[in-house]
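**Student:** Chains R and E, in that order, give the protein sequences. Letter 78 of the first sequence, counting from 1, is numbered 78 in the working numbering, and no numbers are missing. Heads up: take any position in the second sequence, counting from 1, add 10000, and you land on the working numbering.
Hints may contain errors.
As the list claims (entries may be wrong) - Calculated lysine to aspartate or glutamate pairs in the EDC-like style (CA-CA distance at most 20 Å, straight line):
1. R/Lys-207 x E/Asp-10958
2. E/Lys-10516 x E/Glu-10500
3. E/Lys-10719 x E/Glu-10685
4. E/Lys-10350 x R/Asp-29
5. R/Lys-364 x E/Glu-10542
6. R/Lys-314 x E/Asp-10959
7. E/Lys-10799 x E/Glu-10775
8. R/Lys-79 x E/Glu-10635
9. E/Lys-10625 x E/Glu-10635
10. E/Lys-11078 x R/Asp-29
11. R/Lys-361 x E/Asp-11073
12. E/Lys-10516 x E/Asp-10628
13. R/Lys-118 x E/Asp-10628
14. R/Lys-79 x R/Asp-185
15. E/Lys-10612 x E/Asp-10576
16. R/Lys-79 x E/Asp-10697
17. R/Lys-361 x E/Glu-11082
18. E/Lys-10651 x E/Glu-10635
19. R/Lys-207 x E/Asp-10959
20. R/Lys-364 x E/Glu-11082
21. E/Lys-10639 x E/Glu-10667
22. E/Lys-10575 x E/Asp-10628
23. E/Lys-10719 x E/Glu-10706
24. E/Lys-10781 x E/Glu-10685
25. R/Lys-118 x E/Asp-11073
26. R/Lys-358 x E/Glu-11082
27. E/Lys-11074 x R/Asp-251
28. R/Lys-103 x R/Asp-254
29. E/Lys-10639 x E/Asp-10628
30. E/Lys-10345 x R/Asp-362
31. R/Lys-96 x E/Asp-10722
32. E/Lys-11081 x R/Asp-185
Hints were generated in silico from the structure; no laboratory data involved. The model shown is predicted, which means the values in this text are computed figures rather than measured ones.
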Amino acid sequence: MQGLLGKPLGRVHWSNKAAKTGPLAHRPDNSAFMQQRLPAWSPMLTTSTVLPFMYCMAVLCLVVGVSLLITVQGTQEMKLDYTEAGTCNNCFQSLKNVSNAGKSCSCRVVFTLEHEFKGDVFFYYGLQNFHQNLRKYMDSRDDAQMVGRKQNLKNPSSYCEPYIRDEKDVPIAPCGAVANSMFNDSFALQYQGQPGDPINTVPLYRKGIAWYTDENVKFRNPPKNKSQTLAQVFEGTTSPPYWQKPVYLLDPLDATNNGFINEDLIVWMREAAFPNFKKLYGVLVRTQEPFTNGLPAGNYSIDIVYNFPVQYFKGRKQVVLSTVTWFGGQNRFLPIAYLVTSGLVFIIAIFLTVIWWKFGKDAKNMNE
Amino acid sequence: SLFMMSLPVQEEERYIHANNRPLNLPYQYADNAIRTSKYNVFSFLPLNLFEQFQRLANAYFLVLLILQLIPEISSLSWFTTVVPLLLVLTMTAVKDASDDINRHRSDKQVNNRRVDVLIDGELRSEKWMNVQVGDVIKLENNQFVTADLLLLTSSEPLNLVYIETAELDGTFILKCVFPTGEVRCEPPNNRLDKFKGTLTVNGQTYALDNDKVLLRGCTLRNTEWCFGLVVFGGPDTKLMQSSGKTVFKRTSIDGLMNVLVLCIFGFLAVMCSILAVGNAIWEVREGSVFIAFLPRPNGVNAGFSAFLTFWSYVIILNTVVPISLYVSVEIIRLGNSFYIDWDRKMYYPKSDTPAQARTTTLNEELGQIKYIFSDKTGTLTQNIMTFNKCSINGKSYGRSIGEKTQTVDFTWNELADPKFVFHDPSLVELVREGDLAAQHFFRLLALCHTVMPEEKTEGELYYQAQSPDEGALVTAARNFGFVFRSRTPESIRIMEMGQEVTYDLLAVLDFNNVRKRMSVIVRSPKGKLILFCKGADTIVYERLHPSCLKLKDTTTSHLNEYAGDGLRTLALAYKDLDDDYMEDWRRRHHEANIAMDGKEERLDELYEEIEKDLMLLGATAVEDKLQDGVPQTIEQLAKADIKIWVLTGDKQETAENIGYACNMLREDMTEVFIVAANTAEGVREELEKARRTMCPDAPDKPVVVEARAGLFWRQKTRKVEDEAVNGEYALVINGHSLAYALEKDLELELLRTACMCQTVICCRVTPLQKAQVVELVKHYKQAVTLAIGDGANDVSMIKAAHIGVGISGQEGMQAVLSSDYSFAQFRYLQRLLLVHGRWSYLRMCKFLRYFFYKNFTFTFVHFWYAFFCGFSAQTVYDEWFITLYNLVYTALPVLGMSLFDQDVNDRWSSQHPQLYSPGQLNLYFSKKAFVRCMMHSCYSSLILFFIPWAAMYDTVRDDGKDIVDYQSFALLAQTCLLIAVTIQLSLDTHYWTAVNQFFVWGSLSAYFAITFTMYSNGMFLIFTSTFPFIGTARNSLNQPNVWLTILLTSILCALPVVAYRFTLIQLWPTINDKVRHKVRKEALPAPAPRRPPVRRISTRRSGYAFSHAQGYGELVTSGRFLLRRPQKIRTDRGRGGGEVRRKQSAPKVWMRSR
């Protein structure tokens, strides 16, 4: 273990001295740096700084906590686990049989909003116990392919293992496990104010749901000339094995939302950090009544095309409706944490004050 | 040496033909070229890399790199390891290269020095590297000795050669031999003190020993020329053979660090095992059903996956084994060494010597010294004797210490030594007025001695005194008008107040340790017979004529006063003899001299007989000048709880005297024990008696705490506990007693007794004993030791101690060459320890604590994340952050702290020596502190992982889009981490210079700048797969909830630390806190005034401490010194005078005792 340190670093010759001659030739320079006299600020944990600081912190945390709590209370959120809910149970059961994996299954779930969701309402799908953050899974993608590099389209990176090429050696586009496992349920939301009221389809805007940088920089379709269709561009590649549609037909309604720039794909490709996550599916369009102020209270139903199998890994699927504030979604952790911190800091501050009052005030401990 | 190695048979004997190159050629002896450099241009890269990868740290890195190249295992990209490794390798390589270039340069310079070689009967100038074994070379004064030489002849009488040595000091007395013949001698070896061989000249064989050899590394001094035969050249010289095997000193922190790193390895293995087991369980329960989305590679089952995960986590968690730690530690030590080199307050203008940190790896140990072992002569004292005071006929002359008086003008005396200074004009007046007592006083000083004069030009006198005291006395006489000019074995010629007088020298009654006096018997030109005697006052007093009783009393009071000032005193007396008695005495003296047996006793009797009924003349007081500030320094160091032991080769009296002079021994001490027994039993008794006096309740057997330490606890340590005593004691132990006391069965007794004492003085110790004493304390006290000295006899202890300090600027550089630190004055030791040492220790410990904290915190977050990512060895942070965290984001702030931090400034540091004691007790960094660091890290990492996790859980951006994606979370976690550790650093930093501010803010800004750059469109479009985090910074750092999370983690990481530290300061303030508190209240303390030493009222009987050796009386009367006396003009011997230096003869003792 002696060798752990190796040989000590020896001397470096500081040669700026060599030029001097005379009786004081070797006298060190009188610079503040060399004499370790650099002017400096020496703060110390004194009563006059620590105690006010503690109380200020307690107050600060309190203020932040309270205002955050008010903000978060202003958001509304509805979560609905549809894995086995309503008619979806049939789909769930049928998908348990692996041979039905490719088959489409439709189902419907219903729910009621007690209160109106005011403002912009966001529609999410959520997955639980789905590990998008496994190292092997996460690495299994090729950014170069998805940014539209021609050569990577046909030659996906080895990172995409095991979804680089299909059994016929045709390159997969988009390659990799992440893309292959893309969430492929689809949702249609209907509103019925009261039973008997006409059923309104709730309009969801399915674009603008991914980061601007992802949409515009990170994901691009391979270059094509004017005459080519997207399908032609992707010729010579195959879609990932679990996909029901090729990548250039992901959005049958909007031709510009296909290929690698399909927003659902982009959203999916931004892997979640934790096994329980939700991803944006669409945003309420508030142009027409009765949705101009948000989602009114009442009965809703969701028609679901139930494709994504979760039973293998004990996962659950959710839909989430939520409004947001400047603080984001409905997460009460931070406000509560701030309030708790405020309380703790306050208690500590009082404790420190007592200590100071009893022991430190006359600084008799400070006598040598 | 390559040749030598290729020889099939080891050289067993060296056979040299003097001055005959062709005959020596077949032996292929190494020539005189030396090569100390390690590399050449081509071998540098492979050799250096090979060396570097032998170090465990680098090898570990290499293993990591190999692991990373296995795709199944690789959890991080290659660059996370390669970048730091390259940086470390490059830095070390650059440093090694610059070192080697310097070695090349110095080799070249040395090899190209010129020397005169006798070739074909004429002297030719040759380069050193071309000198061959068997050559006869001529050296001149002040030249370096070219190779190991057999001395043939020299310009000096008795073929004396004076050499100043790098390896040995001393003078050798050599016999003249002739430069033809053959030499047989031992093969090259590294023993500097031994030489065996024979010289055959004209069929006659002479034995050769070490005294006849000049070693390479020495310098010829005071010798006009000499001839020598090259015996060993270049790599075979004793200097080269004995160098290069230097033992690297390591600090205790180094040792601790190695132990900790090993613990960390173990800890890493444990963490990885836990995670691997976790992975196995996860794979069985979850992974097996997740294969629909992530098929397993062929042949991987849960067990194998766990195995791979283990290694993947070894890669990810490698940051707990802090590789950059070693580089940083070296940088910090280097920086702190430079501060020592640069310190003006340790620069000695008189000799233009700055302090020098010759070793750059021991700095923090300077802050932990518990024992100082100091040499006396040249270290505590200046090695300069001055004639300071005298008492003549009951009246005292000379200035008291501290008094300001004018110096005496000696210009009336043409032969006066201009360097001599005396402060009492009344004495000169007295002498010039012709006061008989005063004149007799100085006459005695001019006659009664064994000094050799040398007068190169008329009036330019040089004295060669074998003891500096004597030189000082003779010089004093010279200036007061009694100039000793020359001597023959039978006569002494002096100038008495301008008149030349020659005295017949009838007898020299030489000095020895028992007699403690010397006398001369002279006959004045007028035929008067006088015995002059000088000696220890106690001895002289016993032999005084009863009529001197009154004078004796006054002189005694003067002597006490002198002794109280720490002066060395001698009493002077004379006696008129009558011719008849003298005739008879001389006859008997002659008989005794030629007697076959009992010569010594008979002489002693004769001396005893004649040296009685003396008439007291007075007393002299010579000051063994202490170096400036020695008593104050010792006082301050004692306050810092550093024990100072003086180990000197001097006699007990001298050593005690200096002990009193520099306040180590004091009158008010409870007792000063003197151990001087001559048997083991006696020494034991004396030591035990001393111990019982000091601590009556102490158990008979010492309490030895046995423990195990070091790597794998292989090292056994034994520690003798300190025992408390009441009162202040001191121990003076003599060399021969020490020899017994250092025996196995007595050493613990010695150690216990000595450690109870405030002061320990060991006199008449040999260099070996010095080292033994140091080793004893090192071994049984487990304390950090420092040895300080200036001479060759201190080398062994300098090398033995943890830290060796050499006093530079003296003769003989040997001590400096083997030291770790060197400076010109003993008093700088205070600054070295109390300021530089303390700061270095403080900085190093702060650095280590912080470094471990930041790396553990960094790593633990990964550990927590493993429980969320299926133990799949996914990192929490961006790979680039992992690469740059230690190298860029946190490197400079922590370096800034460890290079600039001061708890209080240097003045407060030296004013409060108590600040030093935490270092001695290892308070700032220990295994405990390390565990505390880990707990702290654990807490911080919990905050830094779980707060962001909970805060981000299920939330979205303010526009409803994703923010809990992996990349955003990574960015959030790393930003939280970086800000938290930066705040921690700020809390640790006590001294915020502009540089610190710049480093801290700069590093934070650099983090954001680099992050935004790496996450930018451009970087992504150019290096798509290397920078996949495009846009993450822009999209998440504009979110208020991200910043609120960062704020909360910062508060939760910092506030407990603040509260904890504040509580500690309030309830149990450390000495540092107290002084810092005081600093805030008071202005900067004025620099400590140079107090004049306190005048002590002495009850000591005698200040006699004459450093005189036996045998010179015989020399001056033998007449041997007159053989071949050169009468040439030489000017290079600017020595002697009022200040007489001492080293010249003292080391003789060492040479013998070794």
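**Student:** So, for every hint listed, does it hold in this structure?
**Tutor:** Hints and how they fare:
1. Of the supplied pair hints, the one linking R/Lys-207 and E/Asp-10958 holds, its CA atoms being roughly 17 Å apart against a limit of 20 Å.
2. With a C-alpha separation of about 31 Å, the suggested pairing of E/Lys-10516 with E/Glu-10500 is violated against the 20 Å cut-off.
3. Proximity of E/Lys-10719 to E/Glu-10685 is assessed by CA-CA distance (about 23 Å); at most 20 Å being required, the pair is judged violated.
4. For the given pair, E/Lys-10350 sits about 17 Å from R/Asp-29 by alpha-carbon distance, which is consistent with the 20 Å threshold.
5. This hinted pair does not check out: R/Lys-364 and E/Glu-10542 have alpha carbons roughly 61 Å apart, beyond 20 Å.
6. Straight-line distance between C-alpha atoms of R/Lys-314 and E/Asp-10959 comes to about 31 Å, which puts the hinted pair past the 20 Å bound.
7. For the suggested pair E/Lys-10799 and E/Glu-10775, the alpha carbons sit about 10 Å apart, so the restraint of at most 20 Å is met.
8. In summary, the hint linking R/Lys-79 to E/Glu-10635 is not supported, as the alpha carbons are separated by about 78 Å, beyond the 20 Å threshold.
9. Between E/Lys-10625 and E/Glu-10635 the alpha-carbon distance is near 18 Å, which keeps this suggested pair within the 20 Å criterion.
10. At most 20 Å may separate the alpha-carbon atoms for a hinted pair to count; E/Lys-11078 and R/Asp-29 exceed this at roughly 31 Å.
11. For the hint pairing R/Lys-361 with E/Asp-11073, the CA-to-CA distance comes to about 15 Å; that is within 20 Å, so the pair holds.
12. The hinted pair formed by E/Lys-10516 and E/Asp-10628 fails the criterion: a straight-line CA distance of about 30 Å is larger than 20 Å.
13. Distance check on the hinted pair: R/Lys-118 and E/Asp-10628 sit about 87 Å apart at the alpha-carbon level, beyond 20 Å; violated.
14. Between the alpha carbons of R/Lys-79 and R/Asp-185 the distance comes to roughly 16 Å, so the proposed pair stays at or under 20 Å and holds.
15. With a CA separation close to 11 Å, the supplied pair E/Lys-10612 and E/Asp-10576 stays within the 20 Å bound.
16. The suggested pairing of R/Lys-79 with E/Asp-10697 is violated, with an alpha-carbon distance near 81 Å, which exceeds 20 Å.
17. At most 20 Å may separate the alpha-carbon atoms for a hinted pair to count; R/Lys-361 and E/Glu-11082 meet this at roughly 18 Å.
18. With a C-alpha separation of about 24 Å, the suggested pair E/Lys-10651 and E/Glu-10635 falls outside the 20 Å cut-off, and the hint is violated.
19. For the hint linking R/Lys-207 to E/Asp-10959, the alpha-carbon distance of about 13 Å falls within 20 Å, and the restraint holds.
20. Pair hint R/Lys-364 plus E/Glu-11082 holds up; C-alpha atoms about 16 Å apart against a cutoff of 20 Å.
21. Between E/Lys-10639 and E/Glu-10667, the direct Cα distance comes to roughly 19 Å. Compliance with the 20 Å bound is thereby established for this hinted pair.
22. Restraint check for E/Lys-10575 and E/Asp-10628: not satisfied, since their Cα atoms lie roughly 41 Å apart, outside the 20 Å limit.
23. The suggested pairing of E/Lys-10719 with E/Glu-10706 holds, with an alpha-carbon distance near 6 Å, which does not exceed 20 Å.
24. The hinted pair formed by E/Lys-10781 and E/Glu-10685 fails the criterion: a straight-line CA distance of about 23 Å is larger than 20 Å.
25. Using a Cα cut-off of 20 Å, the hinted pair R/Lys-118 and E/Asp-11073 is violated, with the two alpha carbons roughly 58 Å apart.
26. Pair hint R/Lys-358 plus E/Glu-11082 does not hold up; C-alpha atoms about 24 Å apart against a cutoff of 20 Å.
27. A distance of roughly 73 Å separates the Cα atoms of E/Lys-11074 and R/Asp-251; the hinted pair therefore is violated under the 20 Å criterion.
28. At roughly 24 Å between alpha-carbon atoms, R/Lys-103 and R/Asp-254 are farther apart than 20 Å, so this suggested pair is violated.
29. A threshold of 20 Å between alpha carbons decides the hint, and for E/Lys-10639 with E/Asp-10628 the separation of about 19 Å falls inside it, so the pair holds.
30. Distance hint between E/Lys-10345 and R/Asp-362 is unfulfilled; the C-alpha atoms sit about 38 Å from each other, more than 20 Å.
31. Proposed proximity of R/Lys-96 and E/Asp-10722 is contradicted: the alpha carbons are some 78 Å apart, above 20 Å.
32. For a cut-off of 20 Å, the pair hint linking E/Lys-11081 to R/Asp-185 is broken: about 72 Å separates their Cα positions.
Checked against the numbered hints given earlier, this structure breaks hints 2, 3, 5, 6, 8, 10, 12, 13, 16, 18, 22, 24, 25, 26, 27, 28, 30, 31 and 32; the rest are met.
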